[in-house]
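What follows is each chain in one-letter form.
Number of protein chains: 4
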Amino acid sequence: MSNARVLTGPEVAKHNSRDDCWIIVHGKAYDVTDFLPEHPGGQAIILKYAGKDATVAYEPIHPPDAITTNLPPSKHLGPVDASTVAKVVQEVTEEQKRLEKYRAAKPSIDTVISLHDFETVARLVIPEKAWAYYSSASDDEITIRENRMAYQRVWFRPRILRDVSTVDWSTTILGQKSTLPVYISATALGKLGHPDGELCLTRAAANTGVIQMVATLASCSFDEIVDAAKPGQPLFLQLYVNRDREITRKYVQHAEKRGVKGLFITVDAPQLGRREKDMRMKQVGDEGVAEVQRGQKVKKDEGVARAISSFIDPSLSWKDIPWFKSITKMPIILKGIGTAEDAILAYEAGVQGIVLSNHGGRQLDTARSGLEVLVEVTAALRARGYLPNPNFEIYVDGGVRRASDVLKALALGAKAVGVGRPFLYAFCAYGQEGVEKAIQIFRDEFEMNMRLLGARSIDEIVPEMVDASALTSHSVLTPPDNLFHSTYQPLIGAKFNESKL
Amino acid sequence: MSNARVLTGPEVAKHNSRDDCWIIVHGKAYDVTDFLPEHPGGQAIILKYAGKDATVAYEPIHPPDAITTNLPPSKHLGPVDASTVAKVVQEVTEEQKRLEKYRAAKPSIDTVISLHDFETVARLVIPEKAWAYYSSASDDEITIRENRMAYQRVWFRPRILRDVSTVDWSTTILGQKSTLPVYISATALGKLGHPDGELCLTRAAANTGVIQMVATLASCSFDEIVDAAKPGQPLFLQLYVNRDREITRKYVQHAEKRGVKGLFITVDAPQLGRREKDMRMKQVGDEGVAEVQRGQKVKKDEGVARAISSFIDPSLSWKDIPWFKSITKMPIILKGIGTAEDAILAYEAGVQGIVLSNHGGRQLDTARSGLEVLVEVTAALRARGYLPNPNFEIYVDGGVRRASDVLKALALGAKAVGVGRPFLYAFCAYGQEGVEKAIQIFRDEFEMNMRLLGARSIDEIVPEMVDASALTSHSVLTPPDNLFHSTYQPLIGAKFNESKL
Amino acid sequence: MSNARVLTGPEVAKHNSRDDCWIIVHGKAYDVTDFLPEHPGGQAIILKYAGKDATVAYEPIHPPDAITTNLPPSKHLGPVDASTVAKVVQEVTEEQKRLEKYRAAKPSIDTVISLHDFETVARLVIPEKAWAYYSSASDDEITIRENRMAYQRVWFRPRILRDVSTVDWSTTILGQKSTLPVYISATALGKLGHPDGELCLTRAAANTGVIQMVATLASCSFDEIVDAAKPGQPLFLQLYVNRDREITRKYVQHAEKRGVKGLFITVDAPQLGRREKDMRMKQVGDEGVAEVQRGQKVKKDEGVARAISSFIDPSLSWKDIPWFKSITKMPIILKGIGTAEDAILAYEAGVQGIVLSNHGGRQLDTARSGLEVLVEVTAALRARGYLPNPNFEIYVDGGVRRASDVLKALALGAKAVGVGRPFLYAFCAYGQEGVEKAIQIFRDEFEMNMRLLGARSIDEIVPEMVDASALTSHSVLTPPDNLFHSTYQPLIGAKFNESKL
Amino acid sequence: MSNARVLTGPEVAKHNSRDDCWIIVHGKAYDVTDFLPEHPGGQAIILKYAGKDATVAYEPIHPPDAITTNLPPSKHLGPVDASTVAKVVQEVTEEQKRLEKYRAAKPSIDTVISLHDFETVARLVIPEKAWAYYSSASDDEITIRENRMAYQRVWFRPRILRDVSTVDWSTTILGQKSTLPVYISATALGKLGHPDGELCLTRAAANTGVIQMVATLASCSFDEIVDAAKPGQPLFLQLYVNRDREITRKYVQHAEKRGVKGLFITVDAPQLGRREKDMRMKQVGDEGVAEVQRGQKVKKDEGVARAISSFIDPSLSWKDIPWFKSITKMPIILKGIGTAEDAILAYEAGVQGIVLSNHGGRQLDTARSGLEVLVEVTAALRARGYLPNPNFEIYVDGGVRRASDVLKALALGAKAVGVGRPFLYAFCAYGQEGVEKAIQIFRDEFEMNMRLLGARSIDEIVPEMVDASALTSHSVLTPPDNLFHSTYQPLIGAKFNESKL
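Protein chains in written order, with the UniProt record's numbering: chain A, 1 to 501; chain B, 1 to 501; chain C, 1 to 501; chain D, 1 to 501.
Source of the hints: derived by calculation from the structure; they are not laboratory data. Where a beta carbon is used, it is the ideal one built from N, C-alpha and C, also for glycine. Be careful, since some hints might not be right.
[What the hints assert, rightly or not] Residues on chain A that point at chain C, a partial pick, calculated with CB under 8 Å:
1. Glu91
2. Val92
3. Ser135
4. Gln489
[Unchecked claim] For lysine to any residue, the following SDA-like pairs were computed, each having C-alpha atoms within a straight-line distance of at most 20 Å:
5. Lys500(C) to Gln271(B)
6. Lys106(A) to Met279(D)
7. Lys230(C) to Glu256(C)
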């Protein structure tokens with residue numbers, strides 16, 4: 001709403017109740033009275049700023065255009081004279097004090113030597129709420145850990161005495177050049193952990209020749225991210241399909257227009273999982289954090305994940321695939337396949353690829369790992385003569401922490417591997433530089449491990465280089481005989497003379 | 001004994017010795033001299049109240065009619081003038097003080113997000129004796145834990161891109177409608193953990209459309225429970241068969257008359273197991289708690305479980321099945337089958353169903369889990385052409401904590417799943433409301449997991465949705481090389497600068 | 001040496017050097033100068049008593065006749081006038097003080113409810129040296145624990161609805177009646193843990209109808225033990241074969257004359273194992289404890305086990321079996337068989353039985369458990385038509401702690417099971433009464449478990465009652481990814497309000 | 001450079017900057033200005049001694065001739081008058097103080113009873129940097145631990161009643177007599193842990209009849225080691241192949257001339273692995289330690305391992321084997337084979353043997369253990385008729401801690417077993433005496449275990465003596481259900497009366 005008159009702080013301050021609620025964001029006033037019940041983060045957090053400048057709370061967790069997109073123009077009240085607005089003094093919480101201390105004591109990025117280190121650091125320098133949202137997975141969090149364990153069940157069969165003076169781990173993904181057989185997988189709400197959010201990924205990807213998959217639920221807007229990319233820098237788009245297909249159509253076509261090279265449709269999330277760490281965190285605070293996504297309304301209040309997911313359409317089905325093909329020329333990839341049966345259906349539906357994924361363990365708990373499914377899928381597709389096919393690529397994600405993990409997936413038939421949380425934790429800990437360091441670690445590890453494996457290029461990574469015979473085994477221990485174990489006294493080694501120590 | 005004269009406190013107080021022992025319960029006096037050696041809880045606890053009002057000790061652990069049922073009418077001495085009875089002052093024990101503190105600090109029910117939470121809470125807000133009785137299992141408690149572990153050996157194979165806008169997890173059990181494919185399995189002595197005892201279950205079941213199986217050893221009387229049910233609310237009955245079959249006949253026929261819809265005869269408990277936690281607990285206190293059941297005498301004194309079980313007939317055999325069929329028209333289900341052989345015998349004996357169960361791990365330790373037996377049983381019954389059969393249902397119980405567990409059992413051939421302890425712990429922690437919350441959690445989890453699994457109704461849950469290949473494996477670790485492990489120094493991640501923390 | 005003159009303390013006291021060393025034991029003097037280097041427990045402990053009364057040190061660890069048997073008559077110096085002998089004041093060590101305290105705080109025997117409890121108690125009420133000798137096993141102590149773990153890999157398949165009003169677990173072993181399918185296996189040096197030593201076993205066996213196998217290395221002499229037995233009480237004898245076969249011949253024939261019913265020749269101990277706990281214990285003290293066995297000389301000084309074993313003949317071989325058959329009519333059993341190959345050789349050598357045993361894990365570490373070997377052995381003997389044979393019995397020992405373990409071994413083909421350490425710990429903790437309590441626990445468990453298994457007598461325990469499919473599996477974990485596990489944050493349950501606790 | 005004039009301390013002291021840097025080592029001055037950037041240990045440590053006597057820092061980690069070999073003669077400035085040189089006072093660091101304390105409290109070597117003990121001791125008495133270099137392995141250190149775990153998956157099948165009066169565990173390796181079926185495998189940089197470095201091994205090998213494999217990266221020079229050997233004492237040589245083949249040719253031919261009996265070419269290290277413990281250690285100190293090897297230049301600075309490895313030629317391939325055969329008559333063995341495919345290629349290339357090895361877990365992480373590979377290799381070679389062949393020997397290394405481990409490898413087809421770290425730790429802890437004690441422990445264990453196994457000589461160790469059925473299994477646990485495990489309360493044993501303790 002174009003309002004010629006500039007408002008003043010005192011004027012806005014009068015509208016400070018549930019029934020009449022204005023707030024100021026980025027120097028403009030908005031009437032959010034009607035929006036209150038629809039706010040994904042709950043009313044409480046807005047009401048805290050009723051009649052006041054809410055920018056400080058709004059900023060870190062919303063794309064700049066979220067409020068203008070979600071409020072009808074009639075609620076845009078126009079600019080406020082900054083000199084008349086009382087400065088909002090945010091109290092410094094105990095958590096913020098703790099975070100400041102840890103940020104000051106943060107290990108130098110030079111001492112980071114593995115992807116695990118980013119997680120170690122991130123956990124202590126980001127808000128608990130962010131950590132809960134990022135690290136959580138569904139139910140008992142068995143699948144998220146199984147994703148990692150699966151890689152431990154595959155062993156290398158290294159070849160020796162090959163001239164490995166030079167090794168090359170670059171590849172193509174959907175025809176796009178990539179300096180690594182790894183892409184940055186979509187993760188949501190990056191600003192919870194770093195003020196630059198997903199832009200850290202975009203900029204690091206530009207500098208390193210790696211491809212980023214942009215998330216529907218990114219806390220930076222799609223255009224911000226594309227704008228931050230270098231000319232010609234390939235990007236993929238992860239898509240949650242909206243109940244309102246028109247919103248989805250516009251979103252997809254806008255992405256294509258802006259040059260996105262692949263559309264990854266998430267198919268394993270008709271509803272977002274129950275993530276108990278996230279749910280518990282919601283309980284301890286008094287406010288909700290959330291992302292207002294693409295104009296739809298959300299009602300639930302059960303942790304960040306569920307707050308932001310109500311727009312996702314649970315009716316999405318195979319019948320929708322032709323429609324997607326009709327609205328875009330981008331390659332279509334189905335993200336979240338978990339069985340050979342669905343891989344076959346996907347192939348027959350004419351898409352360009354699949355991601356064997358369980359959504360980082362955040363959806364159906366005790367679903368199998370992508371790596372385990374990979375063996376089943378490649379066998380089934382080969383049995384039908386569908387593979388090899390240069391126009392159909394298989395990706396895997398979940399649990400990757402080492403270049404050696406990637407090499408195992410490649411040996412078993414993956415074209416590339418998606419890595420999500422480690423890059424997220426990298427920028428939470430060290431911003432863009434962290435992501436670049438993560439990619440450098442991958443490079444060092446690829447050089448090392450390809451040499452030691454005897455593979456000079458991605459083509460030379462063959463199934464015989466791994467022993468995956470244990471991959472499909474699922475060991476669960478028989479409960480122990482505690483009485484026996486508590487009476488057994490373990491052996492100990494030679495003893496130093498304690499009186500001299 | 002109808003005694004016109006009203007007794008006075010001082011009169012009763014004279015009978016305060018082992019050889020002449022009267023007590024007052026609910027305002028009436030009883031001569032329990034002859035009953036002393038038969039009291040399942042031991043003589044000591046009664047003698048403590050010899051000549052006094054024992055109501056405060058009697059109340060929490062006996063059905064109201066226990067004393068009148070167990071004592072011959074000649075020992076009923078009639079009403080006592082309340083104004084003449086010295087008030088019994090119960091000393092407040094250390095345990096009671098501790099419980100009060102924990103009850104005050106109890107987590108809000110709103111923060112309960114999984115069935116596990118009820119157990120976490122219950123353990124700290126109920127008497128140790130109750131916890132020992134409820135949580136204990138036989139010998140080394142391997143089977144009780146294996147029951148849970150078995151579910152961890154089954155993995156999902158989720159299907160995607162099915163329209164899961166609406167999902168429905170209601171079903172029928174023995175022809176009765178149930179809003180969940182779960183029934184409340186029988187557990188004993190509920191009043192140990194909550195003053196309302198099993199009525200919490202009955203009332204919650206009424207409100208949620210779930211079926212309760214009433215326990216023979218409930219601390220509320222059968223009729224109290226039935227009276228608490230809503231009109232038309234289906235109930236099942238769990239039966240321990242008495243050495244005196246006449247008692248059993250009356251009990252069963254009374255149940256049928258009162259509308260019970262299924263008779264679950266326990267066949268895995270010719271003698272109740274040695275439950276060491278329970279036995280140890282008995283040792284630390286000076287008093288026994290017990291339930292006087294259906295008029296039989298008990299002699300042993302080895303924990304609650306064995307105290308209350310002496311009436312159970314160890315001679316019960318297949319020969320008795322025709323007799324049961326002759327005394328009731330209720331469907332008969334054998335509860336406690338553990339092999340394919342016995343499942344076949346049960347089918348051929350013409351019963352309407354079986355529960356694959358090891359009694360929550362409370363009977364034969366290192367017996368296999370019901371879930372594992374399910375695979376063996378369905379294969380054997382199918383091999384003989386006995387399945388599918390709409391008039392023969394298979395249930396499983398033990399170890400269920402998640403809707404996902406239930407879905408696994410259903411995929412493997414179960415019609416429904418019995419859940420005992422979790423509902424028990426739910427009412428110990430929060431009464432009827434706890435049970436309703438537990439059922440709400442099941443609902444939330446069913447909605448989520450059925451969507452993620454791609455099953456819109458119970459019918460769509462098929463064997464292909466699970467990978468149960470590891471179910472029959474039993475891993476026990478080779479004892480570790482402690483000297484090696486004690487010299488190995490694990491890797492650690494990047495270090496924060498400790499001087500700044 | 002018959003010496004008419006009675007010696008005096010001062011006379012003996014003059015002989016107090018390494019070159020001239022007399023000691024007094026049980027009121028008589030001995031010249032041990034020449035014996036010093038041969039003492040299995042080392043010279044130091046004797047020299048501590050040179051010229052003094054050594055009875056207090058001698059008593060607890062030697063049979064009364066050890067000194068007279070081991071010293072030539074010419075070194076027997078005859079009686080000493082007690083009134084002239086200075087009383088040896090034993091200093092009270094820190095360990096003795098600790099033991100006194102623990103003995104005073106010992107749990108009442110009424111609170112012992114499983115065999116494990118005896119071990120829990122014994123460990124704290126016997127000298128460290130005794131605990132080290134008893135509890136130790138060879139090398140990394142993997143086999144001793146594997147013995148127990150093997151039972152955890154066998155699961156029950158219980159049968160229901162059999163009339164189990166009465167169950168009977170009595171049997172015969174080598175034709176001798178036994179109230180349990182369990183015999184007391186030989187363990188050495190009982191006096192280290194209890195002043196009555198192995199007599200506790202003999203007396204308890206008499207009272208309970210159980211058969212004791214007497215150990216060659218018992219700290220009570222063979223005759224003491226036989227004298228303590230009731231008339232007709234069956235005993236077996238465990239035999240270490242001496243390098244001097246004449247000693248062995250006399251020993252065996254003496255045993256037969258005294259009524260022993262079975263000769264168990266140990267065949268898995270040509271040399272006693274390296275038991276590191278025992279070796280380390282030797283290092284910390286300044287004195288050796290040992291048993292002087294049957295007149296042979298020992299030289300080594302590496303823990304109790306090796307000190308006492310040098311007389312054992314490593315040349316013992318299959319060629320010796322006919323000789324044993326020629327010197328005795330007792331049934332001959334080979335104790336320590338570990339493969340099907342040797343079981344076949346034993347059968348063909350015409351012995352009456354075999355014990356599948358690894359010597360309680362004290363000999364070859366990473367040898368398999370007797371239970372695992374049982375499956376291999378029964379299959380091989382059956383394949384050759386050697387089984388069933390009423391004149392050839394198979395026993396198993398090692399790792400048994402429950403009646404349920406015994407039932408598993410019986411189901412897999414054992415005639416009876418040997419139990420050693422648990423009975424040893426029982427008398428260390430509670431003397432004869434402890435052993436009787438242990439047997440009572442077995443009885444209670446047999447009653448319970450046979451009922452729950454649906455077996456009314458030993459004959460009804462059949463292979464189909466167990467699932468032993470995992471018995472031969474040996475799981476060792478892949479080393480964990482510590483960095484991953486250290487960054488994973490486990491789920492926690494609902495939280496109590498800590499400010500109220 | 002032959003310089004007639006003797007320099008003085010003050011003269012040298014003037015050259016104390018980065019642009020003009022002289023140091024004194026062993027009484028002679030050197031101009032290291034140009035060498036500074038090439039120093040594997042970094043410039044910092046040299047600059048600390050610019051213009052000063054650096055002997056104290058140089059001595060412990062370089063062979064005496066390292067400086068003369070690496071600097072061109074023109075930089076050799078000649079002798080310095082010792083009386084004019086200021087004595088360098090090394091500050092005593094906190095670590096040195098700690099080490100002194102631990103060295104004083106070191107357990108007596110008499111109390112060492114297993115190879116594990118050396119590691120327990122070494123870890124606390126050597127500098128952290130040494131421990132990090134020695135103990136580290138690549139990436140997640142899974143393979144280093146798996147090497148040990150593999151032995152735990154093989155079980156013995158011992159034979160009884162064989163006359164084992166005498167047992168003999170001597171053998172030949174490449175035709176050389178060895179008193180053990182074990183050789184001392186090459187480990188680098190021994191002086192980091194002990195001032196005598198690898199000479200401890202050489203001297204102990206001489207005294208015990210064991211064969212040492214000399215490491216290319218030994219901190220004692222090759223000639224020092226050979227000079228320390230007894231006449232006729234067999235030595236093997238481990239070879240890293242240099243990018244400059246001429247250096248390698250000279251080195252090999254010099255070794256042959258000095259009597260080396262076997263050339264073990266390392267084929268699994270085209271680049272040395274990323275060893276994170278070692279890398280992290282580099283970060284905490286301010287100085288690098290390193291070995292200047294054979295005249296090549298190194299540039300990297302990522303832990304000791306990578307600093308010293310840049311000379312290794314990653315182009316080494318099968319095509320080089322004929323050249324090696326052309327330059328030496330020594331038997332050639334390829335060290336680091338990890339698959340049957342490469343074992344076949346090696347055999348066909350005409351070498352005399354292979355070492356199945358993963359370089360002690362220091363190269364490709366999650367490569368399989370040598371023991372596991374052994375089964376695959378012997379099967380493949382036998383299938384092609386290549387085995388048995390007296391001129392082709394197979395060795396295994398990695399994870400051996402017990403004679404029983406060696407016996408398992410021999411039973412599965414190895415001719416001998418290489419043991420590296422345990423001997424290294426032995427001399428770190430106790431010098432030459434430690435190595436001799438380690439060999440004595442092996443002897444004791446071989447005697448014991450061969451007797452118990454029923455094998456009188458190496459020939460009698462046959463495949464049937466082991467059950468290796470679990471060797472190729474790789475168990476990784478399904479992530480645990482933490483909520484369940486945290487609510488389960490383990491059984492406990494009988495309780496002592498705590499008020500009396």
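_Enumerated hints in conflict with the structure, sorted upward_ = Those not satisfied are hints 1, 2 and 5.
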